[in-house]
Structures are given as C-alpha cells and as structure tokens.
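Student: Residues per chain, in single letters:
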Amino acid sequence: MLKIILPTMMLMPLTWASKPNMIWINTTAYSLLISLISLTYLNQLSDNSQNFSMLFFTDSLSAPLLALTTWLLPLTLMASQFHLSKETLTRKKLYITMLILLQLFLIMTFSAMELILFYILFEATLMPTLVIITRWGNQTERLNAGLYFLFYTLVGSLPLLIALLHTQNNLGSLNFLMMQYWTQPLPNSWSSAFLWLACMMAFMVKMPLYGLHLWLPKAHVEAPIAGSMVLAAVLLKLGGYGMMRITTLLGPLTSSMAYPFMMLSLWGMIMTSSICLRQTDLKSLIAYSSVSHMALVIVAVLIQTPWSYMGATALMIAHGLTSSMLFCLANSNYERIHSRTMILARGLQTLLPLMAAWWLLASLTNLALPPTINLIGELFVVVATFSWSNTTIALTGTNIIITALYSLYMLITTQRGKYTDHVKSIKPSFTRENALMALHLLPLLLLSLNPKMILGPIY
Amino acid sequence: MKPPILIIVTSTIVLGTMIVLFSSHWLMIWIGFEMNMLAIIPILMKKFNPRAMEASTKYFLTQATASMLLMLGIIINLLYSGHWTISMIPNPVASTVITIALAMKLGLSPFHFWVPEVTQGVSLSSGMILLTWQKIAPLSVLYQISPSINPNLLVTMAATSVLVGGWGGLNQTQLRKILAYSSIAHMGWMAAIMVYNPTLMILNLAIYIMMTLGTFMLFMYNLSTTTLSLSHTWNKSPLIASLILALMLSLGGLPPLSGFIPKWMIIQELTKNDMIVMPTFMAITALLNLYFYMRLMYATALTMFPSANNMKMKWQFESTKKMILLPPLIVASTMLLPLTPMLSIMD
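Line by line, the protein sequences are chains Y and H.
Residue 376 in our numbering is what sits at position 376 of the first sequence, and the numbering runs on without skipping anything.
Heads up, our numbering is the position in the second sequence plus 459, with the first residue counted as 1.
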C-alpha cells in the first residue's frame, strides 16, 4: 500500500516545485500513473483479502473503491483547470494540494485495517473538503454549506468514536482480521440499540439518509467542480463502505433496528427523485439524484443479503462515475454561461453536438440503462428488496420510473429544442472537456463487459 | 517595563510555579501560589489603563480568595491527618475545599466568571501567560491529590465547564475572550479525566499549552484583538492566515491534527471506565467550541474580507514581534497525531 500512499504524498512537493506552466501537466500525469498502480489490486479472490501490513489491506470491496478514488484525482485536476486559470500561482498550488491531501486521506481510509484508523481518516477527509468548498466556492451560500457539511457529519460521527472505543474495550481489538473471529452477537437490550444507532448514524449522515440529507444539496451546489466531483463520487461511498464494514460488528440486531431507516430510505428515494423533476438548478438536480441513488444503497446494506451486497457495491462504483460525469457536464455549462439554471442554456445539441453525445450517454447511465453496471446495481438491489418484502416493489419501481423521468427531463431541457439566442456565442468544447467525459465513460462501459470485479466480496 | 524589573518579576513567576511543582510541604505550595499571584500582577498591568487595573484587581481578588480557601483546606487536612505532607487527603471536607480552591485558580465552572474578563482586560502577551503558564501549578497539585478527589464534584465541574466554555464563546468577537472560553472548556476536559488517569490530564495540558501559545503568537503577529482585525490578515501576511486555519482546526479537536489526541485518549479512558453518557455529552458540546473557531477560520483564511490597500505597505517591513519558537510550536500543534502510539510508554 505504500506504493500508492508515498507517491500520492510526493505529489504535493511535485506541485510546489513545478514550473508554472507545468503544474497541471505534472500532477495530472503522475496521478494517472498512480491510478494505474491501484488497478493491480482489482485482481483478487472474491472472499479473501490482500493484507499488506497490520494497518492496510484491500479486499474485493475496497479495491474497486480505491481504483475509483485514484482514477478520480486526474479527472478532478483536468476539470479544475479552467476556473483556476485566473488565480495566482500560489492559490492554484494550494488548491491542487488540497485535492491531493484529500486523495491521500481517502486512499488510506479505504485501505485501513483497523476501525479507529478508519475513523480518524474518515474525519480527516472533512478538512480538505471544507477548505475546498468554503474557499473556492463561488457564491456566498458556500459558508453556510461548509457549516452544514461539517456539523452534520461531526454530530453523527462523534458517537461513532465512543461506540468504537467501547467495542474495542469489549472485544480487545478492532482489527478486521481479528474481528471476524471475535465478534459476539449483540444482546437484545436498550444499550445495544444505542450502540447500533451510534455506530450507524455517522454513515447514515454521510450517505445521506433522507431525513439527514440537508447538507448534501448545499455542499454539492456550492462546491467548485473538483469538490462536487469528489463529494459525489467518493465521499458518499465512504458512508456505504463504512456501513458495510461495521455491520459485521452489529450482529443480529440489524434485522430489527433497520426498519425505521428502511422506511426513510424507501420513501426518501421517491421524494428526492420527485424533487428532481421540479428543480431549476442543474447542480441541485444532480445532487438530489445522488441522494436518491444512495438511498438504494442504504436499503441494500440494511437488508444484508448476498445479492443486495453485490448490488450495493456495483451501484456505488457506477453512481460514482455517473454522478461525477454529470457534474462535469453541468460545470461545462456553468463555465460558459456562469449560471446553473437549466433553462438558460437550452438546445445545446445544435451548438455542441459532441458534448450532446456525452450528455446522452451520461443521462442514459443515470437512468440505469441495460447493460451498464448502473442497471446491475439497481436491479440486484430491487430484486433483493423484493425478496425481503414484496410490497417494496411498488416503491422501488416507482423510483426507477421517476429516475428515468428526471434524467430525460434534464437531457431534453439542456440539449433539445431551439437554442436560446444568447448562447450562440459560447466557446466550443475544449479537447480537455471531451477527454474528461471520455475518461469518465470508458470505465463505465468497460465494466459493463466484465462486472464481476465490482461485485464485491460475495460474488 | 524596564528590563531589570521585568527580569525580577518574570523570575518570581517562574520561581513561584517551580516551588509549587517541587514541594512536598503544603505550606511551601501555598507560598509558591502566593508568589506567583503577586508577581503576575505587574505583568497584567503592563499597559497602565483603567481596564487593565480592573482586570488585575479581579484577578487578585479571585486568586487571593482561592489561596485562602486552599489554606483552609490545608489546615483542615492538618487537623485530621496531623502532617503537612502532600499526599492523599483522607478527609472528604478537606479534599473538597482544596479541590474547590484549585478550581477557582484554574477557572473551572462554576468559578469561571473571572477568566473572560481578566483575559480581555490585559494585553495579548499577558493573556498568553495567564492562560498557559498559570494553569501548570494548580494542575500539578490536583495531579498529586487526584486519588482522593470526590469524583462527583469533579465530573460536575467538568460537565458544566465544557458547557460554559462552549456556549459562552458563541457570542464573542473579541479574540481574547474567545480564547478565555476555550481555556474554560479545555480545563473541563482535563478535570473530567483527572479521576481516572491523571497522566492524560498532563497530556491534555501539554497539547493545550502548545496550541494556545501558537494561537496567541499568531494573534500578536498581527496585533489583532478582534475578529475584524484578524480578517485583514489575508492581505498583510497570507501565510499567517493559513497557519491560523490549521491551529483553529487543531483547537477544535478535528482529526488528523494534534488537538484530537487528548480528546481521543480521554474518551478512551472514560469508556474503559464504563462512562458512556459523559464522553458523548462532552464530545457533542465540544462542537459548540468548534463553531466559533470555524467562525474565526471563515473570517481569516477562507474568505477575503474587504480591506484597504494600504495594508500592502506592511509587506515592506519585517515583523518586530518576538515569535519565540513559533514554527516548532505550529508543527507540534498540528502534526503530532502519528506519534500517538508513543503514549504507551506511560503505562
């Protein structure tokens, strides 16, 4: 694991020591090389883990997430080049350093072997994200967004710290290798219920669960493009990954404690999807669609069946790439017209046809078109939920329909129809933007050919 | 202040604390506290204005009362145990009186009312000495008598201190008052763990002193005492703005900075002793602290407040402030977390 961590750490001196015209080239190139190293971890036996040391390991759940994280850094760097071009050199280097620091913490989080180390790095990811959102966001609401983001996550995760330390005192160690053998079933009492709540609420807030999702539209909308990409693609998956890891400790209690959260997620899916139909702000639409997809992941992790875990893992990877791509597309609009309102830039298919192709493919993957991995994820989760309780098919089916509705609404509003007169003078698509979209889409399409590497440890 | 006088006064302050730390006779400890208190009054009055006089008078009155209470506790202990040696205090009355006296010296709630007002009335450097050096002596005495302190009293004081420190600082814009309320809250964390593991109290004190020294020195660099003047830092010296960001995050106790170490270790000790509600309550209340540190961070480093262009003139001149050991302090206040396994040497 040091072969990824040390190069990522060294990207920071690389940024500060590069010549001014080489900073973007150097960092993007070397971070792409680092992502190639992480791809070697995808070659795993499905139910065994590759342990590098007492601190770091990868198994078939964390390896795809690790690959996603490292793949995303060059993409975020490419996406940020335009809006940082007017800043001074030191500020550009600071921004890149924040992104690299965030990447470093994320890599260590996904490969942490001990739960306290996982917790520390989970919290550590908050700091660079906060700086990116509040320092480089564009509107005054970014301050409020940073506050909501930080405090929602912290209020959820401080009880998690206490629950983890309490569990460490009971079990002796929180190392994943030893936890497999030493976990005891939780007794059916009030204190176990509180322990369950303390462990899960941090990840529920991070996912986010429907009632606790207020920070997400604010943070996603106010963040600059790199912040939105990293937030949507990776930071939400931290919640799902953490939930999957910690439910091993929480014994048979999950099947009874999960009901309120299942209800909130199932209802919240439909609510947030419906709100997407009435959004005028493009980034806000994508943010609410993230909440809706993640609610499916919450449902999948809570019912704890083999199919649902496979679906949850596949959905996390698929949603990461799709959501990040949609934010990049929204940003390419924002850079041209400096507004996030959808209807201000209509009929873009006439003006930017290649970008319209990327919009089409992104919307199609967002609505889970076969044979993409989005479909595999959603389908597995819907089928597993149906077997858990037959009536949920009404809710999940409605959600699939509404997802299709708003994805097509977004596509048709921005791409089709007559263009507005004031967008005739926008700049044509840069090669950088096309490369960005292609690099997002290629993994999605290639994974459709061989999805078994993202199906997680149960496959 | 003329240098010879400053030397005499400063050495008396240091000598007073040293006498408290090194003595085993209760009377010598009391003498050390008195020397410390009398010698710090000229330091508090460095600027001769009515506000400083008021602050020094308040400080003197509270500390003298605390010293007298301490003497009362010592005499009661002498009455029941027959000796002057500092050790466990079997008699509960004496133990309670001594604990309350030391809590008044420290500024633990409900005896915290003097801390914001005294800190606000004095200059930044005097406030720095007040909030860091002055905590060492009372905490060392508490460390030595910790087996016999009434746990209920201490936990109550800790819980109320963390609450007061969090809530009191919310409405402040003056930096010295903010740091005073931060000191009250940190003293609360230290008091909470004193009963179970006094070594962690010393660890918390050490890290708190490093962070507070660094913070005060960064404020002294800009000569800023209000949030508004701090918000001009980005124009005068952007490096200081980023350092204030790092230090505020560390004071708030966010991982992966050093400020998280004491909180983590204290919560671990408390959960080992089957206290679950107390650390949860303290941890959530520490978020109130984090809120006003975040407000400072927002004003300083994350937004660019409007400021006049003549601030840029300051780039021409080097700073004349004495920033003693500032770079190592900042490194120690932010990057010590990977060294936490070294704490196992204390077992």
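No lab work stands behind these hints, which were simulated from the structure alone.
We put the CB at the ideal spot given by N, CA and C, even for glycine.
Possibly wrong hints are sitting among the right ones.
Every beta carbon over 12 Å from chain Y, so not counted as near; a handful from chain H, in silico [to be verified]:
#1 Met460
#2 Thr555
#3 Gln579
#4 Ala618
#5 Lys695
#6 Ser701
#7 Asn732
#8 Glu777
Below, a sample of chain H positions facing chain Y; criterion: calculated Cβ distance under 7 Å [claimed, not checked]:
#9 Ile726
#10 Phe740
#11 Ala742
#12 Thr744
Computed list of lysine-lysine pairs in DSS-like fashion (alpha-carbon distance at most 25 Å, straight line) [to be verified]:
#13 Lys461/H with Lys505/H
#14 Lys461/H with Lys92/Y
#15 Lys3/Y with Lys86/Y
#16 Lys505/H with Lys781/H
#17 Lys781/H with Lys695/H
#18 Lys781/H with Lys93/Y
#19 Lys695/H with Lys86/Y
#20 Lys771/H with Lys781/H
#21 Lys418/Y with Lys86/Y
#22 Lys92/Y with Lys19/Y
#23 Lys506/H with Lys517/H
#24 Lys92/Y with Lys781/H
#25 Lys771/H with Lys506/H
#26 Lys93/Y with Lys505/H
#27 Lys695/H with Lys780/H
#28 Lys731/H with Lys781/H
#29 Lys771/H with Lys695/H
#30 Lys86/Y with Lys771/H
Student: Ser701/H: least C-beta distance to chain Y exceeds 12 Å?
Tutor: Violated, because the least Cβ-Cβ distance between Ser701/H and chain Y comes to about 8 Å, which does not exceed 12 Å.
Student: For Lys506/H and Lys517/H, compute the direct alpha-carbon distance and say whether it is at most 25 Å.
Tutor: Holds. Lys506/H to Lys517/H sits at ~16 Å (cutoff 25 Å).
Student: Hint check: Lys771/H vs Lys506/H, CA-CA at most 25 Å. Holds or violated?
Tutor: 29 Å, violated
Student: Classify the hint on Phe740/H as holds or violated, based on whether any CB of chain Y lies nearer than 7 Å to its CB.
Tutor: Phe740/H check fails; min Cβ-Cβ to chain Y is 10 Å, beyond 7 Å.
Student: Hint check: Lys461/H vs Lys505/H, CA-CA at most 25 Å. Holds or violated?
Tutor: Distance of about 11 Å is within 25 Å: holds.
Student: Given the hinted pair Lys505/H and Lys781/H, is their Cα-Cα distance within 25 Å?
Tutor: 16 Å, holds
Student: Was Gln579/H rightly flagged as not at the interface, with every chain Y Cβ beyond 12 Å?
Tutor: About 26 Å separates Gln579/H from the closest Cβ of chain Y, which puts it past 12 Å; holds.
Student: Hint check: is the beta carbon of Ala742/H less than 7 Å from a beta carbon of chain Y?
Tutor: 4 Å, holds
Student: A closest beta-carbon separation below 7 Å is what the hint needs, so does Ile726/H meet it against chain Y?
Tutor: 6 Å, holds
Student: Check whether the Cα positions of Lys695/H and Lys780/H lie no farther apart than 25 Å.
Tutor: OK: Lys695/H and Lys780/H at ~15 Å, within 25 Å.
Student: Taking C-beta pairs only, is Glu777/H more than 12 Å away from all of chain Y?
Tutor: 20 Å, holds
Student: For the pair supplied as a hint, Lys418/Y and Lys86/Y, is the alpha-carbon distance within the 25 Å limit?
Tutor: Violated. Lys418/Y to Lys86/Y sits at ~33 Å, over the 25 Å cutoff.
Of the numbered hints listed earlier, those contradicted by the structure are 6, 7, 10, 12, 14, 15, 18, 21, 24, 25, 26 and 28.
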